[in-house]
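Hints in hand, dock the two standalone chains.
The listed protein sequences correspond, in order, to chains A and B.
End of the first sequence = 557 in this note's numbering, gap-free, step of one.
End of the second sequence = 111 in this note's numbering, gap-free, step of one.
By construction, these hints were calculated from the structure, which means they are not laboratory data.
One thing to keep in mind: the hints can contain errors.
Said to hold, decoys possible - The calculated DSSO-like cross-link candidates involving lysine-lysine, where the alpha carbons are at most 27 Å apart (straight line), are: (1) A/Lys537 to B/Lys55; (2) A/Lys336 to A/Lys255; (3) B/Lys55 to A/Lys241; (4) A/Lys37 to A/Lys58.
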Amino acid sequence: MSMINLVTAETAKYGSPTLNIAIFAIFVAVTLGIVIKVAAGKKTAGEYYTAGGAFSGKQNGIAIAGDYLSAASFLGIAGAIALQGYDGFLYSIGFLVAWLVALLLVAELMRNTGRFTMADVLSYRLRQRPVRIAVSCSVLAVSFFYLLAQMAGAGGLVSLLLGVSGEAAQNLVIAVVGVVMVLYVLIGGMKGTTWVQIIKAILLIFAAFIMSVWVLAKYGFNISSLFQGAVDTTAASANAKTAANAEHLLTPGLKYGLNMTTKIDFISLSLALVLGTAGLPHVLQRFYTVPTSKQARKSVEWAIWLIGGFYLLTLTIGFGAGALVGPDKIAAAPGKANAAAPLLAYELGGSVLLGVVAGIAFATILAVVAGLTITSSATFAHDLYKEVFKKGKTTQEAEVRVARIAALAIGAVAIFGGMFAKSQNIAFLVALAFAVAASANLPTILYSLFWKRFNTRGALWSIYGGLLSSIILIFFSPVVSGKPADPKTGLSASMITDPSIDFHWFPLDNPGLISIPLAFFLGWLGSVTSKEFDAGKYAEMEVRSLTGHGVAEALEH
Amino acid sequence: MSVNPTTTSEAYQAVQASEEFQTLRKKFRSFVFPTTAFFLAWYFLYVLLSIFAPKFMGTKVFGNITIGLIFGLGQFVTTFVITFIYARWANRQFDPLADAIGRRLDGGTEH
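Okay, chain B solo, but in the shape it has when bound (with noise of 0.2 Å):
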């Protein structure tokens, strides 16, 4: 097999059936859609408690500060965590991976 860029269709198509391919796209599905929905609820269960339950979230802990804003301070923390965590796990479990499959189209030929 040639050097890129003329890998052909038939060639996608056969890494795409691949079994290396497909346990790489679960690794990557499998991570990723969980981690979103996650995010997404934690988000917007703030943003309901905020809007229907303000009394809840106006409560104060200590001094002025309030649940919800230690709530509001959570979305960042999580955020920060959960790139912190993706960008770790994508350097050291996927990116592997995904070259190497990348360097089998290649033609087995090292870059």
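With the rest of the complex left out, here is chain A (with noise of 0.2 Å):
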């Protein structure tokens, strides 16, 4: 077919597919000799899921930047500030202010209360099984939909990098990518990936900030002039719809002030990004990687530094992209808004810098989703295997060899799932996962920590409610079926693409306006109409989670 002859065609004018493979190649043999030299051998459960504890605040709070600066956040948030402008900017900053819930409310209460998994802090002074098993659930909900945004962010990536356009070709990437990440994760544990995510965030914030220069030194270093250029760029678009939306590139509304509903909508999102953050159960699992609260304090300011600043970054490099590259080159463009940064790189550095920054891009996707298979593993096989299934009763060789069976098993799902997803939006998938994780996941951890009525009918009522709510809502709306055709394709915007198929009745695109109020009030009732109330297991929680109390003696028995 001419089409797909022509996206080869237009692929194949970007930089070289085997300066890009090369340079992925690299880096995949460079972290996994640092892997091996690391973190190969035998673990304990402890080491397997949280390094021991080893890490400095420093050292995780760069690679809690490495976990969080996934694919949508830098190929996804340049892409959507080249096209939409401030619209795309909105979204970042919802990522970033929501890391001051983590900082203040969670991450040291966490670290003080929990050993492993976000389950541990959850079910503390709850009933352990019921609890457990609802917050597993959750968990891999949101690690599911996550991983799928990874993986469905490898396939679209690999048409434009590595020339590559074929549904085998991209499998066959996805599947590499799958298999190199549950290498490292088998090898490495903790310890192996936090490793790779320190590398990959180092790597991903370079990069970042020498195209940031390099954009602004062509501009003067004059962020008006940049902001001109793209209105500029834009002005002249071939596409008369662009063209005249060019000065809106500077003011709000060019994505979501186009009516009520998307006004609406864009408020469910922004209170699902600012709430989602500290429920991110890979997200979570970071804190235990440190020693103390003190460190895990550290680590939460040293990844508001670096997160905070490497948006700043993207503002510079998503206007850059507007004006150097245009919307017209970026639309016609494999990949469409996620080939902004790519198509900038090349447009300053060429080959080169292409190659360097479609590696770093892999490796991101990489890093996220050896993160992400680690916290689900862990969920399996301490909250699933040892703590439900067995009882408490299971040794640590055990409980280590389920975790690393779950962690193929997740491989596994994850290769498939992200050949079946490879054609979805990658920034929908991860709006998903937070919606869930502030649906399902923050209003327990708030109630657990700070409310002394809480108890387990209020923490099953609230996951389970967050839960279903939030992926019925979805279900129900126009991400899944019912968007309008595309005029020039036929094919609607949703998930099903057929347009004539539409069971859709809820409005929004994302759930949480609803979902995340529903799910406080669910662990609200729950909790005051049961009449459950441990106060000795509420004393020490309290009291440990202010204190650190026992925390150094857990780590050290």
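What follows is the structure, encoded as structure tokens:
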């Protein structure tokens, strides 16, 4: 088909696939070498899940940035800023401000009361089995959506960066990413994964810094002229509609200001972003890789500096792509908005810089997916196998063995899920994960840390209520079915692209506005209708959470 | 009283009821709750203004720098400032009190 030929021809114009693959292969070889050197060998459960809590706050902070700055953050936000200007920028602010919730309310108290998993904290003063099962469900659901997003990103990137656009070749790359990721996890456990994330974070931030300075230098280090450049390039677009909106790049509303529904949808998304971060299981797991709450605090401090700094850089990268690459080339490229940052790299530094950015983008996916896999496998082995299935009576060896088998299974799910989801929008899948995390996890985390009266029934109602309501609302939202058909292709922008199938009744793309308050309400209602209260456990949890008592001992033994 | 990890639930309850611990708890909550309320309000003010007052947010202050952009960068500034202030407060004001209570639980022995 001519369409496919066109795409291939278009792809071939940018950079050298061989160089891109070579740089990525070097990254994999070097990091695998490091993982084997620092972290190979037999592990205790603590070493496998949390690297024995032996990282420093600074190291962990860099690793958190590496974990959090996913493909959606880097490619998605840069692309959104390039095409929608101000509205793209709004996204990154939600992702950053969210870290204050983690810093002030969650990180230190979680570190003080848990050892391996999120469920450790949530089940602390409640009935173990039902709560662990509920938390495991929501941890696995959130991680699954996040995982799909990353794998879908890998598939989408391939066509642009490696010059392969065939179905089989994309699937092959997804499989390679999955296999390498499982290797990191099996060989290195949390320690190996953390080092991969640290290396990746440094490379990513460094590359973003170089690109930003380069773009700014082209505009005499005047940010106002850079904006003008983006407006001018957009105004010269061959697409009359894009050109007419050029001035709007600098004002809010290009994406979310269309009508009342899109406006309310944005409020819903903002709520999910700002409350979701502190409920992401793979982020919370990272707080256990440091020895004390002081180091957890330091981790978040570092993470905030790095993540905030990075989002400031994406502002210049996004507008730089708008100005120097232009919306027409971005829209024509395979991968569309996600291609903005790589195309800018090509525009600035030719094949070499594109190769470096491509390699880092893949490394990003690899590192994030590895983190998700560790967290999910810890949930399987520690919460479900050890605490629920074996009622705490099992050996370390057995537990770690289960965790490794779980990592293999999750790797397989990620590979097949990624192959299935590769045409899906990355940003949507990530927003989904945030919405589920903010609904199912955060209310229970806050209640169990701060509300004396909270009990098992409240936790179960809140977790299951938040989980089910967010997923059901998404299923009946325009995201899944019923978006109007594109006049050119005749396909709907929903997950189900056939415009004749339409079963949506929930008007918003993001469920947060309904499901988050609902989960808080259910948590309250469940608690006040149940008499359960364990004064001893409550005292123990509160004293430990604020003083850090017992943490060091738990680690040494 | 013996050293951890055999601290009894009675010991924890006694500490929880003590005046020092209640002061610590109050100190912590009266810092983090108002701060959280502030940054959430400030963030949603920004989101709502962007959504419902795009003309105002699109007003150019100088060159192509709009009020919305300054507001947005203001979110970065407040996030950084809150992080800095909290860390300083926690390191200087909160930690010494929390550590003292933790030590007392271990039977007064210094670590």
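Hints versus structure:
no.: 1; hint: A/Lys537 to B/Lys55; verdict: violated, 54 Å
no.: 2; hint: A/Lys336 to A/Lys255; verdict: holds, 16 Å
no.: 3; hint: B/Lys55 to A/Lys241; verdict: holds, 20 Å
no.: 4; hint: A/Lys37 to A/Lys58; verdict: holds, 21 Å
When each numbered hint is compared with the structure, a violation occurs for hint 1 only.
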